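*Asks:* Sequence:
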Amino acid sequence: MSCYSFATLRKSPALLSLTATERHVTLIWKVGVMITAEKPTRTPRHIQTERGCVTICGPVEGADILRYQMDEGLCAFRLPKEQQEALAEIARLPEGQVILALHDEQIIGYVTFHRPEEFERWAHDQVPGMLELGAIETSKRWRGLHIGRHLLEVAFGEGALEPYVIIATEYYWHWDLKGAGLSVWEYQKFLESLFNRVGLRRVGTDEPDILAHPANMLMARVGRLVPQESVLLFEESLYQNRWMF
264 MSCYSFATLR KSPALLSLTA TERHVTLIWK VGVMITAEKP TRTPRHIQTE RGCVTICGPV
324 EGADILRYQM DEGLCAFRLP KEQQEALAEI ARLPEGQVIL ALHDEQIIGY VTFHRPEEFE
384 RWAHDQVPGM LELGAIETSK RWRGLHIGRH LLEVAFGEGA LEPYVIIATE YYWHWDLKGA
444 GLSVWEYQKF LESLFNRVGL RRVGTDEPDI LAHPANMLMA RVGRLVPQES VLLFEESLYQ
504 NRWMF
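264 is the number of the first residue of the sequence shown in my numbering; add one for each residue after it.
Please keep in mind that the hints were generated in silico from the structure rather than gathered at the bench.
These numbers come from a predicted model, not from an experiment.
Take the hints with a grain of salt, since some may be wrong.
To be verified - Only pairs whose alpha carbons sit at most 25 Å apart, straight line, appear in this in silico SDA-like list of lysine to any residue:
#, residue 1, residue 2
1, Lys-452, Gln-389
2, Lys-344, Cys-320
3, Lys-302, Glu-335
4, Lys-441, Glu-352
5, Lys-302, Glu-358
6, Lys-302, Lys-452
7, Lys-403, Tyr-435
8, Lys-452, Arg-404
9, Lys-302, Gly-336
10, Lys-344, Lys-452
To be verified - Derived Cβ-Cβ restraints for the label pairs, each shown as a range:
#, residue 1, residue 2, range
11, Pro-307, Leu-329, 15 to 21 Å
12, Asp-472, Trp-448, 26 to 32 Å
13, Gly-407, Pro-357, 21 to 27 Å
14, Arg-330, Ser-456, 19 to 25 Å
For glycine and all other residues, C-beta sits at the position ideal for the given N, C-alpha and C.
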């Protein structure tokens, strides 16, 4: 499957009107570095499913995350209790955001956003204004009800992430192939289609972990409030292993 050229991910702010949430987002840029950013609260979404009502809400504070119960089916990355503590830790980060899917005071799904790790080429000091879609998971008991799609739509809704370049580094060894009952290529197609719904597009890179397997993907979305200097820095970061003659 072909990758998008980075130019196709850009949109001109002059051509698009800003939402109330976008105007509320406060960003201070100095020499290309984002100093502070708010975490706009999304409007909760209530979904009626065959298993009951689900509420999508966030970003949720770390202390509030720990007050909920964690569904036992949320075990793709670590034990449910350990994952709950990890979610609370992400929520406490300066730009960490955790969007939850809740049913009867129980967490049944989540999606997280945080700054890329310091050792990555997309680290904050290298490419300001970036967030990584760190993880998205729906409990095994709640799959097939489009919870993941609703999580992403709420997370990206109301212009809340327009000030950021969002990346998602997808490695096949993290995918729950057995639980999903899919082959690696079927799962890749599923993820790409899911992320496409909120504007993430597959982009090319020479990042070694992405190149380690042909199913791995780097996906990205450039928000319409991202300064041009940050866009250029991200473009430059995609390919760093060029031969010099």
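*Asks:* Run every hint past the structure and note whether it holds.
*Replies:* Against the structure, the hints:
no.	hint	in the structure
1	Lys-452 to Gln-389	31 Å, violated
2	Lys-344 to Cys-320	20 Å, holds
3	Lys-302 to Glu-335	28 Å, violated
4	Lys-441 to Glu-352	28 Å, violated
5	Lys-302 to Glu-358	7 Å, holds
6	Lys-302 to Lys-452	31 Å, violated
7	Lys-403 to Tyr-435	18 Å, holds
8	Lys-452 to Arg-404	22 Å, holds
9	Lys-302 to Gly-336	28 Å, violated
10	Lys-344 to Lys-452	30 Å, violated
11	Pro-307 to Leu-329: 15 to 21 Å	20 Å, holds
12	Asp-472 to Trp-448: 26 to 32 Å	19 Å, violated
13	Gly-407 to Pro-357: 21 to 27 Å	36 Å, violated
14	Arg-330 to Ser-456: 19 to 25 Å	34 Å, violated
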